[in-house]
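Visitor: Spelled out from the first residue to the last, the chains are:
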Amino acid sequence: MDLSFGPEYDTFRSEVVTFLANNADKAPQGNDLRGQAAKDWQKLLIENGYTCRTIPKEFGGYGAEPDIIKSRIIAEEFSKVRVNSGLGGQGISMLVPTLLEMGTQEQKEQFIRPTIMGEMVWCQGYSEPGAGSDLAALSTAAVLDGDEWVINGQKIWTSTAHIADWIFCLVRSEPDAPKHKGISFLLFDMKTPGIEVRPLVDMTGHANFNETFFTDVRVPKHQIVGERGQGWQVANAILGHERETLAPANTAQTRINALVDLMKSETADGARLIDNPVYRDRLMKLQSKVMAMRFNELRVLSARLNPGQDPGLSRMITKLEGTELRHDLEGLAIDVMGEIGLAYEDNPYLRGSGSWQREYMFYLGLIIGGGTSQIQKNIISERGLGMPREPKFEKAS
Amino acid sequence: MQFGLSEEQILLRDNVNRFLDDNSPLDRVRLYADGGDDADIWAGLAELGVPALLVPEEQGGIGLSPLDAAIVAECLGAHIAPTPFLGTAVMAPTALVASGGDHDELLAGIAAGTQRVGVAFSEAIKRRNDARVEVRGERMFGKSLFAFDAEADSYLVADQHKHLHLISASDPGLKRTHLTTVDKTRRTVELTYNNVEAQCISTDSSVFDATLDIGRVAIAADTLGAAQSMLDQAVEYAKQREQFNRPIGSFQAVKHMCAEMAAQLEPCRSMVWFAGHALAELPDEGRITACHTKAHLAEVAQFVAKTATEVHGGMGFTDLVGLHYWFKRCGANRQWLGAPEFVRQEAAVLQGIVSD
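Chains as they are written, first to last, in the working numbering: chain A, 1 to 397; chain B, 1001 to 1356.
Chain A extracted, bound-state conformation (with noise of 0.2 Å):
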């Protein structure tokens, strides 16, 4: 057991809180994708290695070796001072990483610069109405017609259509291969003739996603990533990885210290939230869980770290634990406010800017999203713990 990084990442956290204390002011407040001042700062953390950080420079990115300690310290000391970490959104978390193991040359050229420096805006075109946990059942249909696919069906879920500039998106190509076989993995623009996107409001009362239909939608047929039929392994590339983020424990630790911080301020009855016993051990509950989920981080944090060393089930539990312990930490929050912790939107009694509604609602929405709960436990009883699989149901024709 040794939990020191050693000192050449005690100066390498120094630096980060140096810069972060020479320059937080400079960063944009809330998830901006389109603002200029995200732009800007999104270059000064690129240029200082503090996001992107592992993207070639060839392609924009800063170049440095991975490093799975310093980029958790990058994100341990942006979380600690609650500054933006750079831009997010599906492109750069999702597409660059899946074009990097499995672009061709000329697609990481085009995409990946204008895609991390917030040009290129992308959505992702995955789930469907009658694909959802059964991703793979996808009818999205793309047909080959001379150099162009004709792409045709819908897409549901999918966040930030409105204002994505492209789409990597998920098709039905070989219709006669065994589902998983029958998958291709294509990039196209947003402006296509024939692409219609619809709002779906969700019950934070915002529209953060759509559905997206295709009426013969054409598509040059270069303009996709792998093989054809290769769409599926394209796909599960990084999508393990996503999960795993999903919650960060660190995060969790920020708000549970807010939580705190919030029961010492409101009052009930003239006395403190937090000398209330029966509030306070459900607080110290959760504080033991976060703190159990941090360890766990811990784990499979060395596991990356020190190969051959047993991670256990410590990486296929995060996704269900971690957003399942949000939604529980953001609810406590609001039953100790009572009525205020109602408060939303303009209500002068507002809490932390709304942000214990806003995440309790968005964290019911990430134990859905991503492969939800129940999608989860199957992972963990049949992949982790070697329980038999559900006999296939055969439908009937």
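Everything labelled a hint here was simulated from the structure, so no lab data went into it. Note that the coordinates shown come from a computational prediction; the quantities given were computed from them, not determined experimentally. It cannot be assumed that every hint is accurate.
Stated by the list, open to error - Cut-off 30 Å, straight-line C-alpha distance, at most; resulting in silico cross-link-like pairs (DSBU-like, lysine-lysine): (1) A:Lys285 x B:Lys1162; (2) B:Lys1306 x A:Lys285; (3) B:Lys1175 x B:Lys1162.
Here the structure of chain A is known, so what remains is to put chain B in place on it, guided by the hints.
Guide: What follows is chain B alone, placed relative to chain A:
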């Protein structure tokens, strides 16, 4: 950076597990539960160095760390082994060493496996009923409840001021009465003190705290082992047992129960490791982590014990399968050295979130 067990620690774990597989299977535990003793198990563990783990080398011990003690505790919990480990090998050496006094002889006896030291701490943690320990001069009066273990040669007794005293089990003023509990894998006793000779070894509350903290981490580790074993047994049963022409483990209703147990239990392993490590290496975090680990393992194990029993269906409820021994071990660990609500309150006080 390496968060996990060293090669030596994995070897220690494998050796203890192998010994317990052979020498403390369920049938052997049943003999103890029916009134037998644990002498051969403890003697075998002494040959492996288990009682000597925390005794410094100068006193004939091995001088290992709280994390090593937690690793052994996990093995003992997994095998629901009847041993005096918690008092004799974990709490007593910690108190004796931390007290700074000369206890060479007793420590050497502990290390050799010839001296068993029990622990009576309940009255300093949460006093129940009319139990109370009073020491006047060097004489002890009053009563302790649920002291462990029942066959100790001497006891480490904490009074209301968190002062620690050693008493001999053969003192004529001591009455020792077996208190039957649901947990038949370890025995607890009532100690009645009528003018018992008490050797005060510490009036420093930090010695009491250090002893309590390591005891709590060891209990949490024992709970981890017991709960993991229950989960493993449930998964195995669900793979074998067939109903409606298929293994019941293929039904999501059943496999999701197992996934929920695994998902809650997996972070507990990292938590126990960290807690053991922190006691020796991270003084700022040690106490709080020990409290949270004790409380959290109690909560997760309560869920696992119930759910694993349910996965076994009616068989889980029978004595035939014997799963109830693990169920009750988890239940006893939950109450020993502080129930979760009280321990969480301590965690809050330690952080300065609330005053005592």
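Visitor: Run the distance test for lysine 1175 of chain B versus lysine 1162 of chain B: straight-line Cα separation, threshold 30 Å.
Guide: holds (22 Å)
Visitor: If you draw a straight line from the CA of lysine 285 of chain A to the CA of lysine 1162 of chain B, is it 30 Å or shorter?
Guide: It holds: about 27 Å lies between the C-alpha atoms, which stays within 30 Å.
Visitor: Within a Cα-Cα threshold of 30 Å, do lysine 1306 of chain B and lysine 285 of chain A meet the stated pairing?
Guide: holds (19 Å)
Of the hints listed earlier, there is not a single one the structure fails to meet.
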